[in-house]
Amino acid sequence: MFNSLLIVLLAVGNAAPPSMLPPTSVPLQAGDRIRVRHEAGLATITGGAGKTLDIELPANRRDLHVRRVEPHIVEVTTNGPVALRVPRSASVESISSERASVNIRGVRTVNVQAASGNVRVEEVEGNVDARLGSANLTLRAIGGNVVASTGSGNLSADGVGGLVDVTTGNGNMTIANVRNGVHVISINGRTEISCAAGAIDVKDTSGRVTIRNAAEDVDIFTALGQAFYEGALKPDRSYRLRTLDGSVTLTYAANSAGFTGRVASDASKQPREDIRVGDQSARVVLDAVGGKVALLKSDKTAAGCREVK
Amino acid sequence: MNCADCRDALEQTPLPQDVAAHVRECAGCVHELSLLQREDEVYAAYAARIEVPEMWGAVERRLRRGVSPWRKRVRWISLAAASLALIALAVITTSTRPPRNPVAVAVRAVPGPAGEAVARYRIAIARIEGGIRQRAKDDPRAAAAVAALPELTVAIGAAETGVAAAPADPIAVTRLVAAYDAKLEVLRGAAHVQ
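Here the protein sequences line up with chains A and B, keeping their order.
Start counting the first sequence at 1; every next residue gets the next number (the numbering used here).
Start counting the second sequence at 1; every next residue gets the next number (the numbering used here).
No lab work stands behind these hints, which were simulated from the structure alone.
Be aware that a few hints might be false.
Listed next, with one range per pair, are the computed distances between beta-carbon atoms [claimed, not checked]: (1) A303(A) to G189(B): 50 to 60 angstroms; (2) T44(A) to R24(B): 50 to 60 angstroms; (3) D5(B) to R140(A): 48 to 58 angstroms; (4) A164(B) to E98(A): 20 to 30 angstroms; (5) I275(A) to Q134(B): 24 to 34 angstroms; (6) I73(A) to A144(B): 14 to 24 angstroms.
Note that this is a predicted model, so its numbers are computed, not measured.
Don't be surprised by glycine CBs; every beta carbon is placed ideally from N, CA and C.
Make a model of the complete structure from these sequences and hints.
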């Protein structure tokens, strides 16, 4: 428990290599979570086959503290660059300040809090939770759900096995190849989503939203921004793009299903227009109060999406 | 007490204790109460406009009677007072010109990135709300829309309170935009059924 507090203060050994100290190895218990707090530089956290927490610091640094802060949380605190190797089954929590960046790879789950800098998370078996200020987040090959919020930081996610739920103020979101649904709330950023196998729901205030090649229902709302859908329309799916005073444009690919559609713009001479195309198996609603709507047909077929593992 | 009961009792003066207690703790009802108070101010301005001509009549009656020097002095004083009253009337009429729509009464600036969207929503709502209210006596769809407005106004008030506390919070901003959007969609739904 708490009385099992472990504190390791590194001593610089004479036999250490010039650049890095020999790794400090900390034994872990089953179910331990590893929390890393660091102030500056790059922290690299890599999952491996080992059972211990191995920490490497540059040779000129002594500012490492490791302690068990809760029964199942081992906390590593450092002020500069650090490299950690953790068991692949570990859950990692990273808390970094404005001058720090983090790379995390090959662990079970990740929880990130970052004020600024860059955060890169790859090959995570489970969920990723991230709370970012102006930090940029890059996600690759995430097996579980991604839940992230940013102030003005950008997010790039490619290859997500679960759901993606993102909230941002002014960040740019690029999300691709998701095996489930995507939900985005954005005030003023640029949102691009492509190849999501689940439903897509975007609520935007004055940004720019582009969705490509959705497999299921698409619902985009932007009060003052611009919303685009490009891709094939699928049978029994609905595509709903709405705006107050912005613009909405749907360009459907040549290999689309037929659809019934309603195109409405209160500002135009013909406020409501109902459209029927082909087998009418999909549903399209484009709606603007004072803004513009456009329904376009492309001569090209929609590009395929790669399978997400 | 719930918000619906509270809103029914908001026009009572003074407010019953339980209503006042609810208002103290409910941002939505505070907003609703502020709307009613603004409406009262507008009606008070209307009342001022109506009373002025009656005062003119009284002045004229006195002028017609006027004979004595004292009455002559009163006549000039009355004329001056009437002139001042006319000037005041002009100022009141200009500054409290009746809004085209009740929504205009509720206008208060919303801070942060939601501000522009809210301003646009208020304009869009103001364009059609008056017409829907007028049709509500004869048109059940319009009446249903008007009946839904108080609840939506409460939701807007609560969302505005949220944005005031955190103007840059995407969730708060989106909630406020959604609240205005819901109100506009209710009105548009009634406006487009003829």
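We went through each hint and held it up to the structure:
| no. | hint | verdict |
| --- | --- | --- |
| 1 | A303(A) to G189(B): 50 to 60 angstroms | 38 angstroms, violated |
| 2 | T44(A) to R24(B): 50 to 60 angstroms | 54 angstroms, holds |
| 3 | D5(B) to R140(A): 48 to 58 angstroms | 54 angstroms, holds |
| 4 | A164(B) to E98(A): 20 to 30 angstroms | 28 angstroms, holds |
| 5 | I275(A) to Q134(B): 24 to 34 angstroms | 33 angstroms, holds |
| 6 | I73(A) to A144(B): 14 to 24 angstroms | 55 angstroms, violated |
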